[in-house]
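Asks: Chains as they are written, first to last, in our numbering: chain P, 1 to 345; chain W, 1001 to 1353; chain D, 2001 to 2341.
Rather than coming from a laboratory, the hints here were simulated on the basis of the structure.
Ideal Cβ placement from N, Cα and C applies to all residues, glycine included.
Any given hint might turn out to be false.
To be clear about the criterion: a stretch of chain D counts as covered by chain P if any three or more of its residues have a C-beta under 8 Å from a C-beta of chain P, and this derived list gives those stretches [to be verified]: (1) 2034-2046; (2) 2119-2132; (3) 2155-2168; (4) 2290-2302; (5) 2311-2318.
Here are the chains, one letter per residue:
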Amino acid sequence: MFGNTRKARIGAIAGLALSVALVATGCAATDGGSGDGGEGSGELSVTFLPKNLGNAYFDTSYDGGKEAIEEFGGTAAEVGPATGSPDGQVSYINTLAQQGVGAIVLSANDPTALCDAVNEARDNGVKVVTFDADTSPDCRDLFINQAEAEGIAKIQVDLISEQIGDAGKIAILSATANATNQNAWIELMETELAANHPNIELVEVVYGDDDDQTSFDKTAALLQTYPDLKGIVSPTTVGIAAAARYLQTSEFKGKVQLTGLGTPNQMRDFVEDGTVTAFALWNPSDLGYLAAFAAKALIDGDITGAEGDTFDAGKLGSYTVGADATVLLGDPYVFNAENIADFDF
Amino acid sequence: MVDIMGALAPATRTYKDYSQPLWRRLLLSREAAVIGALALVIIVSMISVKSFSKPITVTYLFLDIAPILLIALPMTLIIITGEIDLSVASIVGLSSVTLGVLHQGGMPIEGAAVVSLLVGAAAGALNGFLITVVGLPSLAVTIGTLALYRGLAVGLLGTKAVTEFTEFWTDLAKSKIPGTTIPSVVVLIVVLAIVFVVLLHFTKFGRGIYAIGLSPETARFSGIRVERTKFILFVIAGLISALAGIYYTLRFSSARGDNAAGLELSVIAAVMIGGVSIFGGRGTLVGPLAGAVLIGVLASALRLANVTSDVINIITGALLVASVVGTSFLAWARKSRSRPGGKKPEPLTGAKS
Amino acid sequence: MTTVTAPESRIARTVRAIVTARETGILLALIIVVLAATIKNPTFLFSSDGFRDLLLTPSILLLVAIGQAVVIITRNVDLSVGSTLGLTAYLTGRLFIDVPGIPIVAVFLIGIVFGGLLGLINGALVAFAKVPSLVITLGTMYAFRGINVLWAGSDRINSSDMPKDFLALGTQSVLFIPVLTIIAIVVLVVAAWFLRNKRAGRELYAIGSDPDAANLYGLKVTNRLLGAFILCGALAGLAGVLWAARYGTVNSQAGTGFELQAVGAAVIGGVAIFGGSGSLWGAAIGAYLLFTINRALPILGVQDFWQRAVVGVLIIGAIVLDRLLAQRQARKLVEARDSNG
């Protein structure tokens, strides 16, 4: 025990000394590397950072982005956390800042939690473009909005009220509790319901965390808890697909209406067998494409994100930056049995 | 004439037969192996991974592994006594949520932080109570409290995250030591590490910890207050976990019930890789700290090299298994080499003529 | 002077055994929970969907809990079952995609064998390297999950990738009982019978009660441990295949957290964490109790976020109860020994 203690003490001191030496080496390391603040670094590497990986919607938007990036000769990459949490994204933003990429195209899991990391990246010369879900406006260079939030909310409310006959109980199956876009749309939906649909009652908002199994189980729980539920609105592609799958094999098929935002490929089965009548979305591929071109314009220094800036977006034409450094893609589109065969995403 | 007495006297072995020079004892130790591996990984990464050699790497590295370093300190002590605490990550989450909920309700961060620390200590005390007073096995208890504390954290906040925190404190959590790129939280870690090193190696309490790990019964008969020691260790673990939770929350500006889920595995992996024996009674603090830094550097280098983030999990898991199996294997190998000093004993034959 | 007490009749003894059995207690708790929820909301039990879900969803956990219980009985623990489940579920999907027309039976077999192999890795490390299973399975849990994510990348298996017949297994019922539940119950019955009546099964209890004594007694401890871990892995593999059938979509996170649910189910069901006692029926009821509580909480007005806390309290309560009972048992044995002396 004697020798053990003595050895341990010496070992402890030696260890601490060595660690300090290592850390000092790290400090003294060369200050090389690219990226100083201000002007774009000119490096056309664009990395997509969606809310989480393994999500068909973000796969499609990345495909669109990749197409754009290859068109203008940059380097494309996609990274992301496995689950949609804010702290998961922070580590990736840090890494990308370290690597000194040209731009990050980000769909944020939270409006404020990412700000510090994003601003640090921007100080290092990385341009940050948000798409799909925004951060607060002072911590990004541009926001590519797929459609006006009011329009997205209204179209889903219109669809569900049409499908349930404008009266009855509905529930919302959302994604993660902090997602900026989800909360914005849900709030607008509630306002719209209160204003124009007094006979529809929103009983609950449940969160499926954009995880398929969780969304599936939450749908089952909803139907069990509210046996007289008439409709479910799911403004997330993962949620609506999981809910549709549950409804398809349950006794509620056809009796409980389901709508929301979904991708045609995932929903085709359910539309064809009548589980779902109609749903809405925009083209995520176009969204990613536009976001990539916006990133390029920022890197090249063509635009700074000020209102009125215009930039070229390849096959989509020319786009103008609006208020709050936001670029609008277009309007949402309704998919139903008649047109769903025409799309492949 | 043959010296019968001399020939019959057994060749006694002295300390010198067993001794090895200090340099050899230090260099052949487990801790030295980990530090050596760490140095190797750093050098290889500096050469082969682009952007690794930037000073900012150190910043992010320590910001990321600070919770692991913090919690590894009391966890090492607990494992040396032969127990284990799987609920540390849940206490991190619980203190994070407490901080968030209280701050959102209007309490200033200072007050909320104090309450979080108390909550962590209380959680540790519950662990300690169930283990030392009721006498339950620590594995079972901490699996239960892992679920309980995480459940309380998620129950309090749901899946929503509180993300509005006073900028002063979030900046402080991420601030660096002036003039360097090392985060200030490292100062906290170094201070606590020194405290723990003193506690473990220079006090009676620390020697008691080793004694308990080697044989609780013997320790009890030697006058060591076994139950009190273990109880104190679990309370300390809860306190430090809460501290790590406060840091985590402020660093990510996000208090969420699911924060730090799975952190206990990283801590235990670091401790095991650092040479602490799962059976208790052996180990130092240097090893686990070096182990944590090793895992952190590997993760950092792999992330920068654009390798999928979960390869680091494969490597951590494999390292953990290899280090534990390796220790076991070495012990077996040493036992079968029954000559400790490496010198052949003198043959006990009387025929010297 | 010993007092003579009339011997208990066989029936009385059996009744007493059943009433004081741990399993009865949990079964009672389960019934109470179901009743409370049904009173509040009759569709909990009495709608065809409700009834089906109550039976169906816990079946997957049941399989994993059975395997976990077998391992715990030998005084070990297997924390890697969640990762094994996820890996096998993903493998199932990939088999259907990459080998078109593969018979469903083959997929089941491959899944079970694959799970068994992963269990073998665990068992070999525990049995041969003599390292505590906690640490080994902690490492393999990390490693297997990492392999899963590496393999899957950002892809996921969609329900459209798998044949309709396979997916139907996940929702079909035979005589009102879901197919998955039937599979789980069959496995349960076979395993429980084996554990109780076969020598190899009873030896597992011996190993868990006192490994050193078992060794000295000549039991083939290594073989039995290997068998226990292989069984646990194989059951997790089967659960993975059923997961793919039930949920249809498999990403790299499938099964995360399942290991703790399985340990919890076993512990609540009366399998002592210290090994050597407990039955598989208890673990099965424990699994059902856990899931039913999850569903019942929202109906009873409690946010289902609190489910994990409830599980934690139950686990701690179960362990404390175990300890109290063991102490009482030890005291009674000492009294019996002293009074006969």
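Asks: Please go over all the hints and tell whether each is borne out by the structure.
Replies: Comparing the hints with the structure gives:
Proximity of the segment 2034-2046 of chain D to chain P, defined as three or more residues with a beta carbon under 8 Å from a beta carbon of that chain, is established by the 3 residues found. A count of 0 residues in the segment 2119-2132 of chain D with a Cβ less than 8 Å from any Cβ of chain P is obtained; the coverage claim is therefore unmet, three being the minimum. Counting residues of the segment 2155-2168 of chain D whose beta carbon lies closer than 8 Å to any beta carbon of chain P gives 5, which reaches the threshold of three, so the coverage claim holds. For a cut-off of 8 Å, the count of residues in the segment 2290-2302 of chain D with a CB near a CB of chain P stands at 3, and the three-residue condition holds.
Coverage of a stretch by a chain is defined here by at least three residues with a beta carbon nearer than 8 Å to that chain's beta carbons; for the segment 2311-2318 of chain D and chain P the count is 0, and the condition is violated.
Taken one by one, the earlier hints fail for this structure at numbers 2 and 5, listed in ascending order.
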